[in-house]
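K.L.:
Chain residues, written in single-letter form:
Protein chains: 2
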Amino acid sequence: MAVKIKTNDKHIQALAEIVGSPRLILFHQEDLIAYDCDGFTLHKHLPKAVVFPKDTQEVSRLVRYCSDNDLPFLARGAGTGLSGGAIPVNGEVIISLVKMKRLLSVDFENRRAVVEPGYVNLKLTNSISDKGYYYAPDPSSQYCCTIGGNVAENAGGAHCLKYGVTTNHILGLEVVLPNGDIIDIGQNGIQDAPGYDLLGLLTGSEGTLGIVTKITVRILKNPEAKQTVLAYFDKVIDGSQAVSDIISAGIVPAALEMMDKTAIEGVEAAAFPVGHPKDIEAVLLIEVDGISAGIEEQINQILEVCKNRNVREVRAARDEQERGRWWANRKTGFGAMGAISADYLVQDGVIPRSKLPEVLSRINKISEESGLRIANIFHAGDGNLHPLVLFDARIPGQSEKALAAGSACLQVCADVGGTITGEHGVGIEKKEEMRFVFNDEEIIAQTNVRDVFNTKNLLNAGKLFPSPGRCVEIKKEMKAAAAQ
Amino acid sequence: MAVKIKTNDKHIQALAEIVGSPRLILFHQEDLIAYDCDGFTLHKHLPKAVVFPKDTQEVSRLVRYCSDNDLPFLARGAGTGLSGGAIPVNGEVIISLVKMKRLLSVDFENRRAVVEPGYVNLKLTNSISDKGYYYAPDPSSQYCCTIGGNVAENAGGAHCLKYGVTTNHILGLEVVLPNGDIIDIGQNGIQDAPGYDLLGLLTGSEGTLGIVTKITVRILKNPEAKQTVLAYFDKVIDGSQAVSDIISAGIVPAALEMMDKTAIEGVEAAAFPVGHPKDIEAVLLIEVDGISAGIEEQINQILEVCKNRNVREVRAARDEQERGRWWANRKTGFGAMGAISADYLVQDGVIPRSKLPEVLSRINKISEESGLRIANIFHAGDGNLHPLVLFDARIPGQSEKALAAGSACLQVCADVGGTITGEHGVGIEKKEEMRFVFNDEEIIAQTNVRDVFNTKNLLNAGKLFPSPGRCVEIKKEMKAAAAQ
Chain Y
1 MAVKIKTNDK HIQALAEIVG SPRLILFHQE DLIAYDCDGF TLHKHLPKAV
51 VFPKDTQEVS RLVRYCSDND LPFLARGAGT GLSGGAIPVN GEVIISLVKM
101 KRLLSVDFEN RRAVVEPGYV NLKLTNSISD KGYYYAPDPS SQYCCTIGGN
151 VAENAGGAHC LKYGVTTNHI LGLEVVLPNG DIIDIGQNGI QDAPGYDLLG
201 LLTGSEGTLG IVTKITVRIL KNPEAKQTVL AYFDKVIDGS QAVSDIISAG
251 IVPAALEMMD KTAIEGVEAA AFPVGHPKDI EAVLLIEVDG ISAGIEEQIN
301 QILEVCKNRN VREVRAARDE QERGRWWANR KTGFGAMGAI SADYLVQDGV
351 IPRSKLPEVL SRINKISEES GLRIANIFHA GDGNLHPLVL FDARIPGQSE
401 KALAAGSACL QVCADVGGTI TGEHGVGIEK KEEMRFVFND EEIIAQTNVR
451 DVFNTKNLLN AGKLFPSPGR CVEIKKEMKA AAAQ
Chain L
1 MAVKIKTNDK HIQALAEIVG SPRLILFHQE DLIAYDCDGF TLHKHLPKAV
51 VFPKDTQEVS RLVRYCSDND LPFLARGAGT GLSGGAIPVN GEVIISLVKM
101 KRLLSVDFEN RRAVVEPGYV NLKLTNSISD KGYYYAPDPS SQYCCTIGGN
151 VAENAGGAHC LKYGVTTNHI LGLEVVLPNG DIIDIGQNGI QDAPGYDLLG
201 LLTGSEGTLG IVTKITVRIL KNPEAKQTVL AYFDKVIDGS QAVSDIISAG
251 IVPAALEMMD KTAIEGVEAA AFPVGHPKDI EAVLLIEVDG ISAGIEEQIN
301 QILEVCKNRN VREVRAARDE QERGRWWANR KTGFGAMGAI SADYLVQDGV
351 IPRSKLPEVL SRINKISEES GLRIANIFHA GDGNLHPLVL FDARIPGQSE
401 KALAAGSACL QVCADVGGTI TGEHGVGIEK KEEMRFVFND EEIIAQTNVR
451 DVFNTKNLLN AGKLFPSPGR CVEIKKEMKA AAAQ
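Protein chains in written order, with full-length UniProt numbering: chain Y, 1 to 484; chain L, 1 to 484.
The reader is advised that the hints may include incorrect statements.
Remember, identical chains collapse to one label, so a pair may be satisfied in a single copy or spanning two.
[Claimed, not checked] BS3-like, lysine-lysine: derived pairs with alpha carbons at most 27 angstroms apart: (1) K162 - K131; (2) K10 - K261; (3) K261 - K431; (4) K48 - K162; (5) K261 - K235.
Calculated from the structure, these hints are not laboratory results.
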């Protein structure tokens, strides 16, 4: 049965036939504009078309069609990614997974749930919280981002300090490979399943190795109790030292967040102000959770540590409402920058915790030299830093300056033994910065892996790895040597 | 400067030159016999030679020599592996890493240590315990197995229920690739490092993708307190149900071990008897750790759960001595089978926790049908089962019967949604059983990955994957299709 759409493009017609309805394909320019970028907005490209498959078989048929006809293609969830991983830089066919959004099953006894990739992160916790369970990875966009996208980017969140990032919560995946084959990987959560860890390999591969169509996740029992502490420091060095002291005391907080002066200015000017003083250099938000009996002791230890580090004011949340307000203030921190700046660029570096003071002072220097303000919001407990470069795209040259300042921040992270992304991925944004942390041989080891999955490199090409440079020659030499 | 050894074999001479001393190479048959198998003793093969490099550069030069001259080779640690991963089935050159056994550095502030691959697991904890730290993965062989071998097998242990297996504690690796190139992977412990997760891929790849020459591991702060409970159950069904109840109560024990009646008979006849009653069907050993304030509450909950499940006797350890005796009794459980049987075969399956009673009863049936006793010792908390098939190799046909019974146990695990290995690896022992859990496409996806690293398949060939069967044809078809 032919799907009736107005097009002379045989590929568009064929793709429409696969999804079976004119309402499940977009190909007019005015419809495609909404898909020309994701959460990283500094590059825009139109896709060839956007298709909305309803199940794994349709994804497989779409992929096989694209592969057989040499059409570039990529998968997209909610489009909240911050590094441009879903931008169709080659005019890709976008396979949108938003129609595959069911919660397929929950197995409380073995603590697993199975979801489709378009299922929204926060919905899972909402669906199981009445039984006392939740899903741990909590990116700030969790109210709208999809679990499929979280898998692609190996998303983190404030509570990953204690509970780990997405990869620590994925137990199994159904994947459509770039040739259309469907495989199951991960053996449903067995810690050390036989064979290679393809589950770990696919998770965080930024949509370059396959398209995930079903996800088995771990669900956790709600902690019996949780409590949050807020601490204001006049000096950032004292706040940083308190972070180290808390960890050294053997406490593993569920979350340990820091914001600096500029970030505080932003969050206090935006939707959820809570009255942070504007003259302090650092605020810490520290949450502990677990069995009730242990919480108070840990809170007391944390208060003690902060007092020993010249804290101006420190206290635990009075009630759940106050705790909720503090978190809303923090979780909307990126967007809050819009209240004090026309535009902002979020960066995402990682450093050893012990280097915090040094890195912050070097970022200050970058800010001074570029003439752009840089706010810092970060998951201090695990050293994941988010410098927010504030700029105004309407002023000629400022976008470029902001990108350069962001890149310089990442160079600082790499210099002190850290790396260029903690949770936002590389995408197109940080491709060239991969060279800050990998040499040619190391990049080749990775692109070789991509090439065995993504044989024709039609799936999300041009992402994640730097432009080849010397790698191409080295690969040729290696092939010649192997052929001897 | 030529190394003087008595050989006409130019390859042996060349390998000796690389390690630089006649004392660092073995090639006489009487010396090689010690290397004809590892902890899996049912297959034996002599290596061509055994070499003992002192550093990464020597490993690289040995590997390059083997690769250039088409000599099969493999790496070996302490040889405690239980699935035959270090057996030279192709007459390999064995690259023994036991001389590379240094603790290179410890960074308490950022909680990392760097070791060479031949460093013994337990030595690490012993070296840092005075500062209040330890290394979590604790395979029963930890007093002699090497961390390099742990990485190859992604080793587990009793405390992996709470703390995860080896892969959760590896932060970075230096790896010699099968062509001799040296790469660094893992970015030193950043949770979500950019690029593909090669660290996860290499960990547990059973020595088929590269040779690890340096390892950065996570170290943990000692828990403030720990306590262990012992519980005797007349009926295994009650013990199993208690396991589920403890987890459902939201407690995450550090360890949750079970032994059945035959296993108890063994451990009570061996070196560390503790007086377990012999007429019970199950003993549970349950350990909790964490901050002091919470321990007592958890112990009380556990006692309560056991009482609700008809426990015959349950109590917490009186003191550290008693706790130590209980663990010595459990940790020597495999070897203890030697006290009640001439030979034994350890199997290693994984099942969903909820299937415990069903699986145990099916294993009993396998035991009856084969006429061989089967003891069960297992990490009950994470469903990792170790059926120990007791047999006498001197009786013709019994070895084969034992292998068949072991394989049948794994088929049961696969049938209920589990898998064929939890921590011992596949090696040569369970190659064919891989088909219980992977179809052709899934095996091909894995061997394709192997082939990009191990291009000539000289490194530890013939391990981990089943004999090709239909995979060869499928691969040919795929290649032909890709070439079109």
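K.L.:
Now look at each hint and say whether the structure bears it out.
P.N.:
Okay, the hints, checked on the actual structure:
Proximity of K162 to K131 under the C-alpha cut-off of 27 angstroms is found in both arrangements, the shortest distances being 22 angstroms within a copy and 22 angstroms between copies. In the homo-oligomer, the alpha carbons of K10 and K261 never lie at most 27 angstroms apart, since the shortest distance is 56 angstroms inside one protomer and 69 angstroms across protomers. In the homo-oligomer, the alpha carbons of K261 and K431 never lie at most 27 angstroms apart, since the shortest distance is 30 angstroms inside one protomer and 59 angstroms across protomers. When the C-alpha separation of K48 and K162 is checked against a cutoff of 27 angstroms, the pair qualifies neither within a copy, at 42 angstroms, nor between copies, at 48 angstroms.
For a Cα distance limit of 27 angstroms, the shortest separation of K261 from K235 inside one copy, 10 angstroms, qualifies, whereas the shortest one across copies, 63 angstroms, does not.
Violated hints, listed in ascending order, are 2, 3, 4; each of the other numbered hints is respected by the structure.
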